[in-house]
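*Asks:* So you can see what is in the structure, the chains are spelled out below.
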Amino acid sequence: MFHAIVFMPLIGFLVVGMFGRSLGDRASQIITSGLVTVSAILSWMVFVDVIMGGGTNSSVAVLEWVRSGALEFNWAFKIDTLTAVMLVVVNSVSALVHWYSVGYMSHDPDNPRFFAYLSLFTFAMLMLVTADNLIQMFFGWEGVGLASYLLIGFWYKKPSANAAAIKAFVVNRVGDFGFGLGIFACFVLFGTVELDAIFANAEGMKDMTIMFLGTEWHALTIICILLFIGAMGKSAQFGLHTWLPDAMEGPTPVSALIHAATMVTAGVFLVARFSPVFQFAPDAMVLVTIVGATTAFFAASVGLVQNDIKRVIAYSTCSQLGYMFFALGVGAFGAGIFHLFTHAFFKALLFLGAGSVIHAMSNEQDMRKMGGVWKYAKVTAVLMIIGNLALTGFPFMAGFYSKDAIIEAAYASHAYGSNYAYIFAVIAALMTSFYSWRLTFMTFFGECRADKHVQDHAHESGSAMLIPLVLLAVGAVFAGYVFAPYFIGELRFEFWNGAVVTSPGDIIDEAHHVHGAAKWAPTFMMVLGFVLAWWMYGRKTDLPQKLAETFDGLYQFLLNKWYFDELYDFLFVRPAFAIGRFLWKRGDGQTIDGLGPDGVSSLVRNIAARMRTLQTGLLYHYAFAMLVGVAVAVTWFMVTGSGH
Amino acid sequence: MDFIQSHLLTIMMLTPLIGVFFIMLVNHPDQALVNRNVRHVSLLVTMVTFILSLLLWAGFDGSTADFQFVEKYKWFGDGISYYVGVDGISVLFIVLSAFLMPICILASWETIQKRLKEYMIAFLVLETLMIGVFSSLDIFLFYLFFEGGLIPMFLIIGVWGGAERIYASYKFFLYTLLGSVLMLVAMLYMIGEAGTTDIPLLMEYQFDPGVQKLLWLAFFASFAVKMPMWPVHTWLPDAHVQAPTAGSVILAGVLLKMGGYGFLRFSLPMFPDATVEFTWLIFGLSVIAIIYTSLVALVQEDMKKLIAYSSVAHMGFVTIGIFVLNTNGIEGSIFQMLSHGVVSGALFLCVGVVYDRLHTREISRFGGLATNMKKYAILWMIFTMASVGLPGTSGFVGEVLVLFGAYQFSSWLAFGAAFGVILGAAYMLYLTRRLIFGDLTHEETREMKDLSLREYTILLPLAAVVFWMGIYPASFLDPIRVSVDNLIVTHLDPALERAENRDADAAEQIAAHQE
Numbered sequence: 001m002f003h004a005i006v007f008m009p010l011i012g013f014l015v016v017g018m019f020g021r022s023l024g025d026r027a028s029q030i031i032t033s034g035l036v037t038v039s040a041i042l043s044w045m046v047f048v049d050v051i052m053g054g055g056t057n058s059s060v061a062v063l064e065w066v067r068s069g070a071l072e073f074n075w076a077f078k079i080d081t082l083t084a085v086m087l088v089v090v091n092s093v094s095a096l097v098h099w100y101s102v103g104y105m106s107h108d109p110d111n112p113r114f115f116a117y118l119s120l121f122t123f124a125m126l127m128l129v130t131a132d133n134l135i136q137m138f139f140g141w142e143g144v145g146l147a148s149y150l151l152i153g154f155w156y157k158k159p160s161a162n163a164a165a166i167k168a169f170v171v172n173r174v175g176d177f178g179f180g181l182g183i184f185a186c187f188v189l190f191g192t193v194e195l196d197a198i199f200a201n202a203e204g205m206k207d208m209t210i211m212f213l214g215t216e217w218h219a220l221t222i223i224c225i226l227l228f229i230g231a232m233g234k235s236a237q238f239g240l241h242t243w244l245p246d247a248m249e250g251p252t253p254v255s256a257l258i259h260a261a262t263m264v265t266a267g268v269f270l271v272a273r274f275s276p277v278f279q280f281a282p283d284a285m286v287l288v289t290i291v292g293a294t295t296a297f298f299a300a301s302v303g304l305v306q307n308d309i310k311r312v313i314a315y316s317t318c319s320q321l322g323y324m325f326f327a328l329g330v331g332a333f334g335a336g337i338f339h340l341f342t343h344a345f346f347k348a349l350l351f352l353g354a355g356s357v358i359h360a361m362s363n364e365q366d367m368r369k370m371g372g373v374w375k376y377a378k379v380t381a382v383l384m385i386i387g388n389l390a391l392t393g394f395p396f397m398a399g400f401y402s403k404d405a406i407i408e409a410a411y412a413s414h415a416y417g418s419n420y421a422y423i424f425a426v427i428a429a430l431m432t433s434f435y436s437w438r439l440t441f442m443t444f445f446g447e448c449r450a451d452k453h454v455q456d457h458a459h460e461s462g463s464a465m466l467i468p469l470v471l472l473a474v475g476a477v478f479a480g481y482v483f484a485p486y487f488i489g490e491l492r493f494e495f496w497n498g499a500v501v502t503s504p505g506d507i508i509d510e511a512h513h514v515h516g517a518a519k520w521a522p523t524f525m526m527v528l529g530f531v532l533a534w535w536m537y538g539r540k541t542d543l544p545q546k547l548a549e550t551f552d553g554l555y556q557f558l559l560n561k562w563y564f565d566e567l568y569d570f571l572f573v574r575p576a577f578a579i580g581r582f583l584w585k586r587g588d589g590q591t592i593d594g595l596g597p598d599g600v601s602s603l604v605r606n607i608a609a610r611m612r613t614l615q616t617g618l619l620y621h622y623a624f625a626m627l628v629g630v631a632v633a634v635t636w637f638m639v640t641g642s643g644h
Numbered sequence: 001m002d003f004i005q006s007h008l009l010t011i012m013m014l015t016p017l018i019g020v021f022f023i024m025l026v027n028h029p030d031q032a033l034v035n036r037n038v039r040h041v042s043l044l045v046t047m048v049t050f051i052l053s054l055l056l057w058a059g060f061d062g063s064t065a066d067f068q069f070v071e072k073y074k075w076f077g078d079g080i081s082y083y084v085g086v087d088g089i090s091v092l093f094i095v096l097s098a099f100l101m102p103i104c105i106l107a108s109w110e111t112i113q114k115r116l117k118e119y120m121i122a123f124l125v126l127e128t129l130m131i132g133v134f135s136s137l138d139i140f141l142f143y144l145f146f147e148g149g150l151i152p153m154f155l156i157i158g159v160w161g162g163a164e165r166i167y168a169s170y171k172f173f174l175y176t177l178l179g180s181v182l183m184l185v186a187m188l189y190m191i192g193e194a195g196t197t198d199i200p201l202l203m204e205y206q207f208d209p210g211v212q213k214l215l216w217l218a219f220f221a222s223f224a225v226k227m228p229m230w231p232v233h234t235w236l237p238d239a240h241v242q243a244p245t246a247g248s249v250i251l252a253g254v255l256l257k258m259g260g261y262g263f264l265r266f267s268l269p270m271f272p273d274a275t276v277e278f279t280w281l282i283f284g285l286s287v288i289a290i291i292y293t294s295l296v297a298l299v300q301e302d303m304k305k306l307i308a309y310s311s312v313a314h315m316g317f318v319t320i321g322i323f324v325l326n327t328n329g330i331e332g333s334i335f336q337m338l339s340h341g342v343v344s345g346a347l348f349l350c351v352g353v354v355y356d357r358l359h360t361r362e363i364s365r366f367g368g369l370a371t372n373m374k375k376y377a378i379l380w381m382i383f384t385m386a387s388v389g390l391p392g393t394s395g396f397v398g399e400v401l402v403l404f405g406a407y408q409f410s411s412w413l414a415f416g417a418a419f420g421v422i423l424g425a426a427y428m429l430y431l432t433r434r435l436i437f438g439d440l441t442h443e444e445t446r447e448m449k450d451l452s453l454r455e456y457t458i459l460l461p462l463a464a465v466v467f468w469m470g471i472y473p474a475s476f477l478d479p480i481r482v483s484v485d486n487l488i489v490t491h492l493d494p495a496l497e498r499a500e501n502r503d504a505d506a507a508e509q510i511a512a513h514q515e
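In order, the protein sequence lines correspond to chains A and B.
The numbers in the first sequence follow the numbering used here, run straight up by one, and end at 644.
The numbers in the second sequence follow the numbering used here, run straight up by one, and end at 515.
No lab work stands behind these hints, which were simulated from the structure alone.
Don't take each hint at face value.
The following residues of chain A were derived to be distant from chain B, with all beta-carbon distances above 10 Å [as the list claims (entries may be wrong)]:
| no. | residue |
| --- | --- |
| 1 | ARG67 |
| 2 | LEU71 |
| 3 | ASN162 |
| 4 | ARG173 |
| 5 | GLN455 |
| 6 | LEU491 |
| 7 | GLY505 |
Quick list of in silico lysine to aspartate or glutamate cross-link-like pairs, EDC-like style, CA-CA up to 16 Å [said to hold, decoys possible]:
| no. | chain 1 | residue 1 | chain 2 | residue 2 |
| --- | --- | --- | --- | --- |
| 8 | A | LYS158 | B | GLU301 |
| 9 | A | LYS157 | A | ASP108 |
| 10 | A | LYS369 | A | ASP451 |
| 11 | B | LYS213 | B | GLU193 |
| 12 | A | LYS585 | B | ASP302 |
| 13 | A | LYS157 | A | ASP110 |
| 14 | A | LYS378 | A | ASP451 |
| 15 | B | LYS374 | B | GLU301 |
| 16 | A | LYS585 | B | GLU301 |
| 17 | A | LYS206 | A | ASP283 |
| 18 | A | LYS157 | B | ASP439 |
| 19 | B | LYS449 | B | ASP356 |
| 20 | A | LYS375 | A | ASP283 |
| 21 | B | LYS117 | B | ASP30 |
| 22 | A | LYS519 | A | ASP509 |
| 23 | B | LYS305 | B | GLU164 |
| 24 | B | LYS374 | A | ASP110 |
| 25 | B | LYS375 | A | ASP108 |
Values in this document were obtained by computation on a predicted structure and should not be read as measured data.
Built from N, CA and C at the ideal position, the CB exists for glycine as well.
All chains should be modelled from the sequences, with the hints used to inform the complete structure.
*Replies:* If you want it as structure tokens, here you go:
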């Protein structure tokens, strides 16, 4: 069963990747989408099993991988509740995105390649979430990175897409640098890279210290920090986030699947997976809280002023990932994963809805050239509004359960950094609501600002695209209400069964006791954000312009994403090329060659000049030198008589 | 069959020479006919040698560290003997050499028109010598093969190379000569001191720790040039750029590995005390090599130079792995050498494919090949990913094992080396972007045809090996294991212990002195 879930997308990738051209578009679409759909159905069966019968915790061996000295790791699946949750998220969204893409990519000449990549991504993501050791997790980790690279650069003729693809891969490699060191440190401390063995021994290691870069560290803290650096790269957290907005160069279904619902949540998954270790590393947890809260605030602030519809949603994703992280940071692991789960539905819905809008507007992504799309695409508009309600935490929608639980946990927590998280989270909730409704008003309502040609061609998407949207909307509405008891409610102990750390009286219990203003603050902020957006983009539509002019400095700061790209370009990219050029011309060219072979050659130029053909002359030299060597050796034997 | 089994190494060395003999016999006024025969004979003998190498691999017993397939005949009085055999450290290098050879012959199928006979003879002789290097168990025999191997390579670059071939072969020559003279002197001393040329006996012989240092440095001079290590690497980019495609494949695929093999066969077991002393030197040079050459690779405008510089960086990983003196590190470095042999060979073949079409290696002349060379683009991507060490490809296993080993030695070392992982992705993807992505802006590149059947047949097996090594590396790690363990247990661990005791004694003396 688990073999089937994981390997069916791989089969889809291989078949379509190799024979896609001869199979044709339609067959490629059906093969890949069909196989992923089967995986999705099987995943739901596993998930229902977990809900009905409590979690399992088992390991399924696949194949030997590497055995070297004490280091040993194999291809194997670890099956527990966390895996089951991730299987459902990954395969459901993936299957819906596959089917959606049948409609969305129908005009693209490279259909087989696109579907093959999507299935490759799905396979890698499944390997990541089923990993039973750190190295296999790293395999999935890098595999999704590859698929992301290929899909961001899918339209490889566009220079901007290629640049974004490289940026995504290299920035992720910076995170992987930390992840890798974390794995090595884990091996040195635990003597294994198997997850179960590490978790079983974590408590015994809680007082150990190890040396790292010449400093003595609390062992579990440094391991957790290093692993978290990897998580920051993949989940686009503050400092390593710069690749995510650029990743919107990829086709929109890709943004929905990879850069909203699944891959970017891998970092959250990693930290939750390591919750049995993180619980003994409180300093690392504080770091997670602060980075998460900062990201939630930062990304939301940038999202306020972006004009590209996909970039707004991208920053929203980044911000929501921040929420998930600080939930983990304050110890509400179940709540963090719950938000991951609900977020997958409504954020995929928003992205695919944006794709539908972009389709309707002849591939226009700039919201300043939209407006009034409501009259062309009513279904899309309604579905996106549902997505917004879920995201902003409208009562009884998915986000209401997961996001509010996170904010309450931050409020209830006494850990260092939790107040910071709470304040930023509430402010970010206001901004989330504002940018979501700003997007809605700019896109769907008011006068249409597109040119006549675009308006004439504006149309609602076909049912191939709308049906997946409807299914996601169902998730966005009900995922919170139905599953809250399992993820964060009374049933959570049986449900998680130790897959993430949770216990009676923990932070999630305390969060349930938050009442009054603290509890309703996010809801209030949601309403306020809506009103502001309506006022600025529904009523007084000249107000944003005036505000931007009045606060030009702040506006530019936000519009330019806090100048991170410029800063990194200045700090890393340019110096790398400049140093490279310097080392090449000065180091290799002038210094090493100048003192070495070229220097010597100028000394012996007179001799060399006499040779008629240099290369044969040199060869003779060489053969001569070797012969002299042999002669000397033979003489040596004869004179010394050694060798007896 | 028994005869073949017991003389397998000799037969493998003779097979290419038999090919040489037949090629010399081919003589006919019709040049085209001659060339066709020469090609077919060369392909046939290299294929036979490759099949024999598979027999060697299959017949190799991974459960013992003893030398196998041993043959020993007196040759030069009592002193020097023809003594060959393989252990876990050498066996797969022979398989690698034999595997790359038919690929090289096929890669030269159409591109080499000038002096084809001599070209093929040079390659076949080179094959014999390469197998000889990895199977010699007599130090003098090793020297002959090791140095002799350079002559055909030298000719391949000097005669069939590009416009600057003379400068390149000259540089190659100068560097190598320096190293080999020092190594020869050291060998002569060792033979005199130990009274034998027998490598297994020399491994047992305990050289005086003081002398060991000098001997170690002399061998280091030769092997460091071969690897090549920074700062004696500058011959490599020039040699690669000028060499014909097949020459680059062998140079990167096999000849560079002789340095690493030399460290493992001589420096570590014969001078273990000096090895322990000099690890800092190796690590310093290796980390510099990784970061320095990766940055240099980033700014290259010539494809071959870029891949040549990346080879130096990858070899930096290998030297680190060898000298951390633990199982993960050494097994990883051997694996990394095998993987690099396949991957860099494949990348040079890929460069050769586009060079044959456009006769330039300047990166800016290309772009957008994914549009009209789809098969090529896929294979290029596979080898690029193997080069950047993506898990699931061969590049990952070696790299990660080396880093595991390095971290056990010192987190600083792993920290420094891991920069190569980031930079490696940067320069390879930047190259990929300029080569196969983007729009087809140049008129000439638009005309370029996708892989021919011959080119496809060359590259496909390499891709298959890349995945095999990445997904099921046990086939390669199993034969290596026992020999590496033996090296560590019998030679390195005692030396490490001695070094620790010396340090403890020194500390005690200082303490006593202070009192």
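*Asks:* Does each hint fit the structure? Answer for all of them.
*Replies:* Hints and how they fare:
no., hint, verdict
1, ARG67, "violated, 7 Å"
2, LEU71, "violated, 6 Å"
3, ASN162, "violated, 5 Å"
4, ARG173, "violated, 5 Å"
5, GLN455, "holds, 30 Å"
6, LEU491, "holds, 37 Å"
7, GLY505, "holds, 38 Å"
8, A:LYS158 to B:GLU301, "violated, 22 Å"
9, A:LYS157 to A:ASP108, "holds, 13 Å"
10, A:LYS369 to A:ASP451, "holds, 8 Å"
11, B:LYS213 to B:GLU193, "holds, 15 Å"
12, A:LYS585 to B:ASP302, "holds, 14 Å"
13, A:LYS157 to A:ASP110, "holds, 13 Å"
14, A:LYS378 to A:ASP451, "violated, 20 Å"
15, B:LYS374 to B:GLU301, "violated, 23 Å"
16, A:LYS585 to B:GLU301, "holds, 13 Å"
17, A:LYS206 to A:ASP283, "holds, 12 Å"
18, A:LYS157 to B:ASP439, "holds, 5 Å"
19, B:LYS449 to B:ASP356, "holds, 11 Å"
20, A:LYS375 to A:ASP283, "violated, 53 Å"
21, B:LYS117 to B:ASP30, "holds, 13 Å"
22, A:LYS519 to A:ASP509, "holds, 14 Å"
23, B:LYS305 to B:GLU164, "holds, 14 Å"
24, B:LYS374 to A:ASP110, "holds, 11 Å"
25, B:LYS375 to A:ASP108, "violated, 20 Å"
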